[in-house]
Amino acid sequence: MSLSSLLLFAAETGPALPGYTFGGPWILRNAWLLPFIPAMSFLVILFFGKRLPYKGAEIGIASVAAVLALAIISNFAWFDHRDHYEAAEAEDAIGALLNEAESGAALQVLVVDGTAEEIRLATEEPAAGELFAAAEGGDDGHSSEIHPSTAVRAEATWFQSGGKEFKVGTLIDGQAVMMLFVVSFISLLVHVYSTDYVAGDRRYTHYYAFLSLFTASMLLLVISASTIQFITAWELVGVCSFALIGHWWEEKPNSDAALKAFLTNRVGDIGLLVGMIILFFAAGQTFDIVKINTMALNGEIGHNTLLVASLCLMGAVMSKSGQFVLHTWLPDAMAGPTPVSALIHAATMVVAGVYMIARLYGVFYEGLSIKDSSVNPLALVGMITLVFAGLLAFVQDDIKKVLAYSTVSQLGYMVMALGVGAWTAALFHLFTHAFFKAGLFLGAGSVAHSVHSFDMKKDMGGMRKFMPTTYKTFVICTLALVGIFPFAGFWSKDEILVGTGGWGLFGGTGGNGSYTLMLIGGILGASLTGAYMTRVIYLTFFGEFRHVAHDDHGAHDSHDAHDHLPHESGPRITIPLILLSGFALLAGLVNLPPGFITGNLESWQERFLHFYEPVSAAYFPSVAHGTPSYSLAVFSSAIGIAGVAMAYFYYFVLVDRKAKQLGESLTELPNGPTTKVGFLRAGHTLLVEKYYLDHLYTDFIAAGTKGPIARAVYWVNQNVLDATIDAVGRTSVKTGTAVYTHFDQKVVDGAVNVTGLVSSETGGELRKLQTGKIQQYAAYLFAGATVLAGVLIFVI
Amino acid sequence: MIAALFAQISTGDDLYVAQNIFWWFIAILMVIAAIKVVTTDNIVHAALYLVIVLAGVAAQFIFLGAEFAAATQVLVYIGAIVVLLLFGIMLTRGSLGDEELTDNEQRGMGALVGLMLFAVMAFALVDGFEDVVLPEDTRNLVEVQAPIDTTLDDDTFINVTRGSDTAAIGDAIFEKYIVPFEAVSVLLLAALIGAIVIARKE
Amino acid sequence: MLLNQFLLLAGALFCIGVYGVIVRRNGVMVLMSIEMILNAVNINLVAFGAFNGTPIGSVFALFVIAVAAAEVGIGLAIVLLIYRNKKSIDFSEVDTLKG
Amino acid sequence: MENNNEWILSVLTFAPLVGALIIMAIPKGDEVFHKGFALLVSGALLIFGGGFLLTEFDFDRADEMQFTYDTSWISVINSRYIVGIDGMALPLILLTLLVVPLCVIYSWDHFPEPHNPKAFLALILILETGMIGTFVAEDLILFFVFFEVVLLPMFFMIAVWGGEDRRYASLKFFLYTLFGSALMILAFLSLFFLAEDTAGNALRTFDIQALTEWRGANLSRSAGLLIFGGMFMGFGIKVPMFPFHTWLPDAHTQAPTVGSVILAAVLLKLGTYGFIRIAIPILPEAAVEWAPWIGLLAVIGIIYGALGCLAQTDMKRLIAFSSVSHMGFVMLGIATLTTFGINAAVFGMVAHGLITGILFFVAGSIKERYHTLEIKRLGGLLLQAPRMGWILGFATMASLGLPGLAGFWGEFPAILAAYQPANGLSEAVFRTYMVVAAVGTVLAAGYLLWLLQRTAFGEPSEEFAKDPNIHDATKFEYVAWAPMLVLIVVLGVLPNLLFKTSDPAVEKSLHPCLIAEEADLAALDCPAVFGVEVAGG
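Chains as they are written, first to last, in our numbering: chain A, 901 to 1696; chain B, 5 to 206; chain C, 112 to 210; chain D, 31 to 567.
No lab work stands behind these hints: they were computed from the structure. Please note that a few of the clues may not be correct.
Simulated pairs of lysine-lysine, BS3-like, Cα-Cα distance not exceeding 27 Å [as the list claims (entries may be wrong)]:
{"id": "1", "chain 1": "A", "residue 1": "1152", "chain 2": "D", "residue 2": "397"}
{"id": "2", "chain 1": "A", "residue 1": "1357", "chain 2": "A", "residue 2": "1152"}
{"id": "3", "chain 1": "D", "residue 1": "397", "chain 2": "A", "residue 2": "1606"}
Sample of chain A residues facing chain C (criterion: CB under 7 Å; computed from the structure) [as the list claims (entries may be wrong)]:
{"id": "4", "residue": "1047"}
{"id": "5", "residue": "1678"}
{"id": "6", "residue": "1679"}
{"id": "7", "residue": "1680"}
Where a beta carbon is used, it is the ideal one built from N, C-alpha and C, also for glycine.
Start from the sequences, fold in the hints, and give me the full structure.
Right, here's the structure in full:
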């Protein structure tokens, strides 16, 4: 960010690459402030929190509020920069820079007062024209508005090795500012919500400290410009999630869940480390994300290298973003406090993987050759995840677990979207999902807060009577999740389905390829979502209130004397809910598909794409955008609604009736068909056992390593390596003592003992000769004399 | 050696024969007694066996024609030292009856050392003085002829001619070996006082 | 009479005495063994004196006897002392020289 | 250069020894006086000596020897008293200067039995002399002497103040290291006799710098390999590398807390320092041939140590095994023979010193409170002694290589360097090592978090629940730990503090053919061992 680093960068990579600038609005150049503020608040809370009137909560809230303000400001700053950044200015600026490069002082002035913002060589991309064309391809008639997006960068040296300097920095572009807003907004709501939810907790202060630390780490991850910095933030958020999942570590299950989360992520991190290392060397020893992307797109990095690297990175995505086979930690992570689940395990941290793919999209785009193909690992994993996780969500009785699996499934949507090249759609879904999923979690928390349990079947039911606000917001968020028009989820999910480009048969949608399989998976997932969410709604808010007063259901949340009838939560809980449901209702409107509305509102369409996709930036591939088709929208909605309808029929009609028959004293729901039909039961158990993945990990891999393997290794250590050493010692001692054996029976025994007891009585043996028994000395004396005499007589 | 002995006997000198038989009797007695001293479990018996050994030693002195030494042996040892030992036994209440465990655990070693020592000595002696015969009864020799031992100076010779070794010993002690004698007497005195000092009750 | 008779006898006594010194527990008995050793020496002295026809052997024998007397006196005193301290004169319990 | 403060290093080296002598002179019984004096000496050395080094050291010339002092010592074998430091030695010296006073402070109220502060503190100071001397020595014989000087005090510290098996552990430690040293001195001597410059006339010197200039030129291949092997044994046992590590767990488990801390924090570094200061610079060609095997042992050590940790039931022993694993990372970095790897190694040494030091401190304090380190009997530390629990958690996080804390910078660059080792080393082999090492990080997280969960989380077992003498960290413990904790964070956030210092020295210490770009490789007319032939493919 300083002039020197700027010059160094120029020296290192030759002329600055297009697609970014070191100038730009002040707030964007100094984005490091955003993670810095909560980091400071973390320290303050950690060291002084307990002494503060509100136990540190106020510091956390204040800092996050400040961050939110900054985030909004930087969004608007970005909008302005995005639209009115002119390459020409940059040419002059860079010209000036190069002219005055010798006289650094002048430049100092320039950079400091920020007038030399646009520093960029006028190396116009040859492919720029095509880029424009491609960008226009999606939205007809807006080509005039398309204006290349230019990221704002700032950087400083972090460390050096082999004479090379490696940077830490900020890379601010559309996806960054969008993410900044999401993170800080959700984080603020969670902070507020928590003041009520975990009030009076034993470690209230630590809770807020870690919330702040998490916010800081997440923001750092969002703005990081170098892969190593990215890894750092990536690990930090992991640790925060570890600490917050294990917040109530008195019970072993919680700490187990925390460990599981951390270790699973570590497994994925192998992929992260290796992948980043490969890219580091492939791009000529640099951690610079922009440079890596650019080189990947220019074909300066071999395709196989990119393929390997992106596959390694996928491992990291699968663990962090809970993709199938490595997703198992996410449901367990619900052991943490509910606001944490909302913030970390629904809205922000778990999408870090998605964010990384979006960041390194050049690598993935080339490496997995997303363009013009019909299937690739990324899309496949995403699709499998969204379907399988959706199935798993059916058999959960814990409302948070259902939501967790639903999160996994939605993450599957995003990954799949990135896999099929629908970059904007993925981020758009990330955007909307953050709001309504957070809303769902907080709503679930609000319910649990009043019934002190998460078990829908045992302790809930009929809650709509007791907590109307929670009920309404929950339903709105559910509709958004299921993707009912016009809620937020509808737009984003529909855009993903469009992006698959699989809808070819009915008036094709020009995507990046024809991922028909993904399209089917997506639609299927929609119906699954509808079904299990309906189940949740029924079990939670309808039917009879099944709560009997037992509060031992991991309801650590309970702090106050619980009264027996549940009641609506206080404003600090409901207001965030209302806000979130508002976003769940409206957030979709920020990216209305083209041609959906007309007239003077037309400029309102595709705002998200316009502002947040780095169109025609050299570090970003020229992805095509599919044209939305009403037929697809209608069809997918129909399927989704069908799922809702079936579930509605089963629960609201059949089960409800049976429940009525069973009468008032009902604490357990009647059994479903899964207990009767054998084949269904088999499937049911398979789901209940979570595809036996946990058994595999816990009982075989983990237990195996910790148990037999480790013990075997240690056995080798003690009985082979160590034993050899001891044997060497013994034999040496033996040879040493062998001399005595011709003298004296005692010493022979001694030697035997010595050799036998090297470990216990090393060296102590010789002392046995020195017993202090006069007569023994006499014996030795005479013996010696005899020997001497003998020698004198016989030998001499 | 045995052969030499028989040779002497066959020469028909009765005195020698009688002397030899008597000597052997005493020697064997001594050895047996000595062995009993170091093996018996009863300390008082041990003391009495010791008396036998000491008496035997006195007899040996007589065989060697050293009557004065023999007399002193009997007086000092049997008269004084053994009594002293018996006193010691009483004072330390070492039980008069049989003691269990009069020996420590290194009998084997002791026997080994003793036998080896004896073997070495025996070899050396037999090797060195195979058949050396002691001179005849020295007193007679001294009377009839000049002493074979020219190492003796005149006055000793004169004394010797008196026909008794006691006088010679007395002269030797009080003329030539007066200093050691004084030293010994001082030593005795010191020992006396020392013994009293050590042994006296506080 | 042969010189060796006496010397061998003395040797036997000496060795027996050595054995006694080594094996006996009772301090008084050790003293006795020492006495035997001294006597063996005396026999040697006198024997060689006779062999050389000189009384000096006997003279030294007498000195030895005197010293022996002293030694016994001191020795017994020490034994007594040990007995007072340890209520026993078992030499195998006397290990104050232990390193 | 004018006024290069040639006295400072000698003062730093021998001041502790003088202090030790004075302490011995102080009559017994006046305990506080002993402690105070030891603290005074070590603290003054840290503040003034360390401060002097930091201010006077010219960081722009970090690749050159500074504060050098060179005088005749043992003229008969032309062994000279040469001391001097460059960017590689400086961090380790500062680490030593820091750790010793902290140990003194810590032991202020935790003196191990038998209670004898006088001897204990004297030993610590003698240790300091040996350690600093090893880092500043620029003559092989001098190096060897200090290398051995360290041995005895540690031996006594373990043998006198150790646990129940102390005799065995101390003897094992002593003999084992001595065995290595024997081979090491052999290697040094053969260097002395075999080294001859290209003109063919013998060098006959122990001067490390001179030998580094020489770089094993026209030394026969077999001789080079053997000499390197000797050094490898000497240093590798000290590190300790995989097959020679068995002395470490016993020594650590038996040693008193302070002994473990010094052992882990500094003593182990003597071995690695020997590699990067002596073995690799002087014999680069032999190093290239040895490197794959060193790397192999290193990665085996990483995995093996981690698995060993998982099998432990004793906290201190677990930490000891984790040292094996972490030093494996350091050795992997060294084995790559790249600036990246060796910088990582230097960083790893310092980081491991700080982190494992803290872990042993905490373990010692736990032992002092619970009188056991059996993991299954512990638990709920966070409830009974919250601050200590958090410190333990922090240390474990740092130890498992969390980015933003010091441990990461020893670990990640080492793994990274393994992807592209120095010229002449097989990339395929080292990339395999890289992946294995990456797996090792997972295991590290596994055992450390497992340890944390068993000791810090959960409810305290009822046998300790009501134990009155289980209290939170005392002020002495805070004072002793705070600097290390702060350093762990600072180095983690600002790694350049260390990299910038060590980088030039490391780059200079390596043979140019090792680190040259393949393009420039031809120009350097390197020996074949550096893989000039394979440069194309």
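Each hint tested on the structure:
1. A:1152 - D:397: Distance ~23 Å between residue 1152 of chain A and residue 397 of chain D Cα, so the pair holds.
2. A:1357 - A:1152: Answer holds: residue 1357 of chain A to residue 1152 of chain A is near 24 Å, not above 27 Å.
3. D:397 - A:1606: Within the cut-off at roughly 25 Å; holds.
4. 1047: Residue 1047 of chain A check fails; min Cβ-Cβ to chain C is 96 Å, beyond 7 Å.
5. 1678: Interface hint status for residue 1678 of chain A: holds (5 Å vs cutoff 7 Å).
6. 1679: 5 Å, holds
7. 1680: 10 Å, violated
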